[in-house]
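Here are the chains, one letter per residue:
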Amino acid sequence: MNAITTRVPTIRLLFSLMVVIALGLGIYRFYGGLGAATNLTDSFPWGLWIGFDMLCGVALAAGGFVLAGTVHIFGLRKYEPFVRPAIVTAFLGYLLAIIGLMMDLGRPWAIWHPLIMWQPHSVMFEVAWCVMLYTTVLFLEFLPIVFERFRMVRALRAMRRVMNVFIIIGIILSTMHQSSLGSLFVMMGHKLHDLWFTPMLPLLFLVSAVAVGVAMVIFEALLSGLIFGHRHPTSLLGDLAKALPPILGLYIGLKLMDLSARGALGHVLDNSFESWAFNIELFVGALLPGTLLLSPTVRYNRMNLFCCVLMVIAGVVMNRLNVCLVGMLATSPSGYLPSWIEFLVSAGVVAGGLLVLSVMNQTLPIVKAPQETLHGSDATPHRKLTHA
Amino acid sequence: MNPISRRQFVKTAGAAAGAAALPKSAAAATEPRSFDNAVAKLYDATRCIGCRSCLRACRKVNNLSPEPGEIDGVNFDMPQDLSPNNWMVIQAYKQEADPETGKPADWSFIKKNCMHCNVPACVSVCPVAAMEKTEAGPVVYHEDRCIGCRYCLLACPYGVPRYEWVDRMPRVRKCILRLDCVHACPVGALQAGGRRQLIDEAHRRIRENPERYVDHVYGEHEAGGTSYLILSGLPLEKLGLPKLPTTVRSSYAEALMGSLPGLMIGLGLFLGGLYQLEKRQRRVEAQSDAAEKQEPQP
Numbered sequence: 001m002n003a004i005t006t007r008v009p010t011i012r013l014l015f016s017l018m019v020v021i022a023l024g025l026g027i028y029r030f031y032g033g034l035g036a037a038t039n040l041t042d043s044f045p046w047g048l049w050i051g052f053d054m055l056c057g058v059a060l061a062a063g064g065f066v067l068a069g070t071v072h073i074f075g076l077r078k079y080e081p082f083v084r085p086a087i088v089t090a091f092l093g094y095l096l097a098i099i100g101l102m103m104d105l106g107r108p109w110a111i112w113h114p115l116i117m118w119q120p121h122s123v124m125f126e127v128a129w130c131v132m133l134y135t136t137v138l139f140l141e142f143l144p145i146v147f148e149r150f151r152m153v154r155a156l157r158a159m160r161r162v163m164n165v166f167i168i169i170g171i172i173l174s175t176m177h178q179s180s181l182g183s184l185f186v187m188m189g190h191k192l193h194d195l196w197f198t199p200m201l202p203l204l205f206l207v208s209a210v211a212v213g214v215a216m217v218i219f220e221a222l223l224s225g226l227i228f229g230h231r232h233p234t235s236l237l238g239d240l241a242k243a244l245p246p247i248l249g250l251y252i253g254l255k256l257m258d259l260s261a262r263g264a265l266g267h268v269l270d271n272s273f274e275s276w277a278f279n280i281e282l283f284v285g286a287l288l289p290g291t292l293l294l295s296p297t298v299r300y301n302r303m304n305l306f307c308c309v310l311m312v313i314a315g316v317v318m319n320r321l322n323v324c325l326v327g328m329l330a331t332s333p334s335g336y337l338p339s340w341i342e343f344l345v346s347a348g349v350v351a352g353g354l355l356v357l358s359v360m361n362q363t364l365p366i367v368k369a370p371q372e373t374l375h376g377s378d379a380t381p382h383r384k385l386t387h388a
Numbered sequence: 389m390n391p392i393s394r395r396q397f398v399k400t401a402g403a404a405a406g407a408a409a410l411p412k413s414a415a416a417a418t419e420p421r422s423f424d425n426a427v428a429k430l431y432d433a434t435r436c437i438g439c440r441s442c443l444r445a446c447r448k449v450n451n452l453s454p455e456p457g458e459i460d461g462v463n464f465d466m467p468q469d470l471s472p473n474n475w476m477v478i479q480a481y482k483q484e485a486d487p488e489t490g491k492p493a494d495w496s497f498i499k500k501n502c503m504h505c506n507v508p509a510c511v512s513v514c515p516v517a518a519m520e521k522t523e524a525g526p527v528v529y530h531e532d533r534c535i536g537c538r539y540c541l542l543a544c545p546y547g548v549p550r551y552e553w554v555d556r557m558p559r560v561r562k563c564i565l566r567l568d569c570v571h572a573c574p575v576g577a578l579q580a581g582g583r584r585q586l587i588d589e590a591h592r593r594i595r596e597n598p599e600r601y602v603d604h605v606y607g608e609h610e611a612g613g614t615s616y617l618i619l620s621g622l623p624l625e626k627l628g629l630p631k632l633p634t635t636v637r638s639s640y641a642e643a644l645m646g647s648l649p650g651l652m653i654g655l656g657l658f659l660g661g662l663y664q665l666e667k668r669q670r671r672v673e674a675q676s677d678a679a680e681k682q683e684p685q686p
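Read top to bottom, the protein sequences are chains A and B. Every letter in the first sequence is one number past the one before it in the numbering used here, and letter 169, counting from 1, is 169. Every letter in the second sequence is one number past the one before it in the numbering used here, and letter 262, counting from 1, is 650.
Don't read these hints as lab results, they were simulated from the structure. Check each hint, because a few of them may be wrong.
[Stated by the list, open to error] In silico DSSO-like cross-links for lysine-lysine, where the CA-CA straight-line distance does not exceed 30 Å: (1) A/Lys78 - B/Lys681; (2) B/Lys681 - B/Lys667; (3) B/Lys681 - B/Lys482; (4) A/Lys242 - A/Lys78; (5) B/Lys491 - B/Lys681; (6) B/Lys667 - A/Lys78; (7) B/Lys631 - B/Lys482; (8) B/Lys667 - B/Lys491; (9) B/Lys667 - A/Lys242.
[Claimed, not checked] Here are the simulated distance ranges between beta carbons: (10) B/Arg671 - A/Leu269: 53 to 59 Å; (11) B/Asp588 - A/Phe30: 35 to 41 Å; (12) A/Thr363 - B/Ala679: 51 to 57 Å; (13) B/Gly656 - A/Pro246: 40 to 46 Å.
Every residue, glycine too, gets a C-beta built ideally from N, C-alpha and C.
Could you put the whole structure together from the sequences, leaning on the hints where they help?
Below is the structure:
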């Protein structure tokens, strides 16, 4: 047992405490209203709970559709061991985003209204539908893990027959949802800084989500390996990381082309708060890891790989926060700094997610050898037995 | 049947079929509704004396409580900005004297409230149609539909909608184009009427008194036009009115939404096809694996 493993119960206790605090603050938010708990104003109506919980939560959940597509549609089956952890993370990520959304909505009890009150010109309408449908799909993709744990063979087999349809629907919904979160901001040309405001936002959100999806899968595999013991060879993780430089390259290229097409390239050298936020996001979050990961010595070394994917994740988190918060500051007379309640609620939501993930990692068959998993592979345990 | 009438017939039939196939909203999107005869208000800032009789009338008809405020220790209801209780506000802007042109210092009042756009951004972004531009002119809010996402606050280029932040059942609050403020005005700075008629009236005033006005009827073309029109003697951006293009703000986002059916169909076919290919590939591999097992290589 290494040092981190022995500390797991302590960390879980700490996370539980954070969840309890967030719960209490959540009650306070509903008792006193949004104004009592947050620093939101009429000129800054979306804050940390949308910028972090929603935008980052959904982006970091992109591993689910990226890996499912890679393995089951593009047929790169050697990455199958990563599909389950990615789907579990995505499912949790979406649940957490929904909790964040429930905290943030002024009238959360009316969250179901888009189901019957249609306004299909609104991007928010698309977002609402994607959240609902994709969370359902993720739940269905998650179910086999539970079935397997409780040996519900018949349910498993029935699920397998329709799983591919869910995977395809899941990819379509994810493509729509990831890009639509960017589309939300195409109406905000009068608010959002020129460095981020572009009609290309949906495409940029989608491409960066694919990048962070891959990065999250590697990050999780390395982290859970560190805590629960390594289960994946470094070579497999390094191979997966090969996907990052081209995706990040495309992302950087699109961003720079877009900036220059809009004549906003000069803002990069403004030496303003926004220009620094943009440069750190682009260079530390995309250019540096994208370049470093070209080298095999970086890719096939656990520590180096870990640092690189961490940079990619941080880059996308920064991007979402920049679009939703930093880029909006200059045009808001009131300004905005999240209140301590907003910070603690967001932290509690994340802690809750990690807590559930760590418990599930030990109790459910999430990390397994490829031939024993269900998702799409022809080799069920039964057939394996008959072969042997 | 002569050729002309046949052509006419085909044309008419095609148009009828097209109109039937198009959903109502899509037809509306291609041909924006005209609000020329709908209710509008014209505010002439050069006539306004800043008495806020309009504010008092607004408070009364909409049942809004006064804003608690103090000036030199005396309670005073003088709002500085829009708020859930102030659906309109009178602000004053001062322009310093310009020594180069010899222009003296000048100032102007401005009555700010919802502009009641012809094609409002708030209506376009609302996921549950809680905001509605009615045929009669006003943009109204339906509390029973609202989910509280506050997208309307962000989308409005004029920064008009206000939120009840400290309320447990918060609502979006804004002007709903009642005419009591117009009737309350003692100096005729406000005028109600049909939109086109008011635009003509505004241009007439500019024509007759060109030195009194900036040659621009604010709201005639801004972001597709509005039902609240402003005439001013000072440059409009001095009065805090944003310079906006004449194009409708939501056209791009709505086009993105329009692309979704194509995206869903295209991506579905592409992924389905790829999946079938992958499945066949797997079957071939499995067969060759089985063949290898049966006949081991020497």
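Outcome of the hint check:
| no. | hint | verdict |
| --- | --- | --- |
| 1 | A/Lys78 - B/Lys681 | 21 Å, holds |
| 2 | B/Lys681 - B/Lys667 | 21 Å, holds |
| 3 | B/Lys681 - B/Lys482 | 91 Å, violated |
| 4 | A/Lys242 - A/Lys78 | 14 Å, holds |
| 5 | B/Lys491 - B/Lys681 | 98 Å, violated |
| 6 | B/Lys667 - A/Lys78 | 15 Å, holds |
| 7 | B/Lys631 - B/Lys482 | 19 Å, holds |
| 8 | B/Lys667 - B/Lys491 | 80 Å, violated |
| 9 | B/Lys667 - A/Lys242 | 25 Å, holds |
| 10 | B/Arg671 - A/Leu269: 53 to 59 Å | 57 Å, holds |
| 11 | B/Asp588 - A/Phe30: 35 to 41 Å | 52 Å, violated |
| 12 | A/Thr363 - B/Ala679: 51 to 57 Å | 41 Å, violated |
| 13 | B/Gly656 - A/Pro246: 40 to 46 Å | 25 Å, violated |
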